[in-house]
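Engineer: As a plain string of letters, each chain reads:
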Amino acid sequence: MFRQPYNWREIDRLRRDMDRLFETSARRPLGRAARFPAVNVWADEKEGVIVSAELPGVSPEILDISVTADTLTINGTRSPEDLPEEAQYHRRERYCADFSRSVQLPYTVDTNQVEASVENGVLTITLPRAEAEKPRQIEVKTSG
Amino acid sequence: MTDELQTQKQEAEIMEGVERTRASRVYLPQVDIYSASDDIVILADMPGVAEKDIDITLEKDVLTINGYVSTADGPEGYELVHGEYGIGDYQRSFTLPDEVDRDNIEASLSNGVLRVTLPKAPEAQTRKITVKAV
Numbered sequence: 001m002f003r004q005p006y007n008w009r010e011i012d013r014l015r016r017d018m019d020r021l022f023e024t025s026a027r028r029p030l031g032r033a034a035r036f037p038a039v040n041v042w043a044d045e046k047e048g049v050i051v052s053a054e055l056p057g058v059s060p061e062i063l064d065i066s067v068t069a070d071t072l073t074i075n076g077t078r079s080p081e082d083l084p085e086e087a088q089y090h091r092r093e094r095y096c097a098d099f100s101r102s103v104q105l106p107y108t109v110d111t112n113q114v115e116a117s118v119e120n121g122v123l124t125i126t127l128p129r130a131e132a133e134k135p136r137q138i139e140v141k142t143s144g
Numbered sequence: 001m002t003d004e005l006q007t008q009k010q011e012a013e014i015m016e017g018v019e020r021t022r023a024s025r026v027y028l029p030q031v032d033i034y035s036a037s038d039d040i041v042i043l044a045d046m047p048g049v050a051e052k053d054i055d056i057t058l059e060k061d062v063l064t065i066n067g068y069v070s071t072a073d074g075p076e077g078y079e080l081v082h083g084e085y086g087i088g089d090y091q092r093s094f095t096l097p098d099e100v101d102r103d104n105i106e107a108s109l110s111n112g113v114l115r116v117t118l119p120k121a122p123e124a125q126t127r128k129i130t131v132k133a134v
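Residue numbers (this note's numbering), protein chains in the order written: chain A, 1 to 144; chain Y, 1 to 134.
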């Protein structure tokens, strides 16, 4: 009889990938809330990266933004409004809870030059590209 | 995974035969509505809208909130690498219940959240009724 050798390495890799998948998604609730806030990522290979997120009603003091060379993390809470006594919700569509988003950056950035600002409920984070990483024009010398 | 991306921002429905004069997309702002003893409050998420760009109109029984956004394009020269939300104007309409005192509706905008306070007409305010023991 001919038997296929049992490939432990493939199974193990699959198990590790599944663990990683569930590990990151377990921290966030499923459904729409998993994507609050929505982010847009803009990039320019010379300048760097700009990340924008719509965070209406979140005051800047509550935001916790941290950045490593290639990942941006935005943590914070949008607390629900304090309702007066005897008040009742007719409709509740806005996400009001803790949120945490990690964005993988397309380029390595200079963490010392990162700036963030909020205007009208939109958070904009500018992440300039690390100087050493910027593309350099290479001149072709001809001879003869 | 793509079905998650557009569920955040819902596009407003276009009325038959009516077009907007502005070229941008129109979204439905997400709202929380609650009713307290003497007023009804609407909180609408309108990120990117400045106070001067809000239009609230009341026609018969229908309250319409409009928010206009000025920066529909991204930063100059940059390429969109990952887009989860579109940028555009906001519009949503609500039919008001009879009990709203239409002359005293107030609105304010803070951090991209529009707050519309609709006071209930005095006759409609909840009154506590005490039960006397006989």
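Don't read these hints as lab results, they were simulated from the structure. Don't take each hint at face value.
Stated by the list, open to error - Estimated spans, in silico, between C-beta atoms of each pair:
no.: 1; chain 1: A; residue 1: Glu81; chain 2: Y; residue 2: Thr64; range: 20 to 28 Å
no.: 2; chain 1: Y; residue 1: Thr57; chain 2: A; residue 2: Arg15; range: 20 to 28 Å
no.: 3; chain 1: A; residue 1: Glu61; chain 2: Y; residue 2: Ser108; range: 15 to 23 Å
no.: 4; chain 1: Y; residue 1: Ala50; chain 2: A; residue 2: Asp82; range: 21 to 29 Å
no.: 5; chain 1: A; residue 1: Tyr89; chain 2: Y; residue 2: Thr57; range: 21 to 29 Å
no.: 6; chain 1: A; residue 1: Ala130; chain 2: Y; residue 2: Asp101; range: 55 to 63 Å
no.: 7; chain 1: A; residue 1: Ser102; chain 2: Y; residue 2: Val131; range: 21 to 29 Å
no.: 8; chain 1: A; residue 1: Glu131; chain 2: Y; residue 2: Val62; range: 31 to 39 Å
no.: 9; chain 1: Y; residue 1: Leu96; chain 2: A; residue 2: Glu45; range: 49 to 57 Å
no.: 10; chain 1: A; residue 1: Leu83; chain 2: Y; residue 2: Asp101; range: 16 to 24 Å
Even for Gly, the Cβ is constructed at its ideal location relative to N, Cα and C.
Engineer: Kindly confirm whether 21 to 29 Å is satisfied by the beta carbon distance between Tyr89 (chain A) and Thr57 (chain Y).
Structural biologist: holds (25 Å)
Engineer: Do the Cβ positions of Leu83 (chain A) and Asp101 (chain Y) conform to the proposed distance bound of 16 to 24 Å?
Structural biologist: With a Cβ separation near 21 Å, Leu83 (chain A) and Asp101 (chain Y) satisfy 16 to 24 Å, so the hint holds.
Engineer: Taking 15 to 23 Å as the stated bounds, is the beta-carbon spacing between Glu61 (chain A) and Ser108 (chain Y) within them?
Structural biologist: holds (20 Å)
Engineer: Tell me if the beta carbons of Glu81 (chain A) and Thr64 (chain Y) are separated by a distance inside 20 to 28 Å.
Structural biologist: holds (23 Å)
Engineer: Taking 21 to 29 Å as the stated bounds, is the beta-carbon spacing between Ala50 (chain Y) and Asp82 (chain A) within them?
Structural biologist: holds (26 Å)
Engineer: Taking 49 to 57 Å as the hint, is the beta-carbon distance of Leu96 (chain Y) and Glu45 (chain A) inside that range?
Structural biologist: Holds, at about 52 Å.
Engineer: For the pair Ser102 (chain A) and Val131 (chain Y), does the Cβ-Cβ distance stay inside 21 to 29 Å?
Structural biologist: violated (57 Å)
Engineer: Starting from the hint 31 to 39 Å, judge whether the C-beta atoms of Glu131 (chain A) and Val62 (chain Y) obey it.
Structural biologist: Distance hint for Glu131 (chain A), Val62 (chain Y) is violated at roughly 56 Å.
Engineer: Does the hinted range 20 to 28 Å hold for Thr57 (chain Y) and Arg15 (chain A) at CB?
Structural biologist: violated (59 Å)
Engineer: When you take the CB atoms of Ala130 (chain A) and Asp101 (chain Y), is the distance between them in 55 to 63 Å?
Structural biologist: Distance hint for Ala130 (chain A), Asp101 (chain Y) holds at roughly 59 Å.
When each numbered hint is compared with the structure, violations occur for hints 2, 7 and 8.
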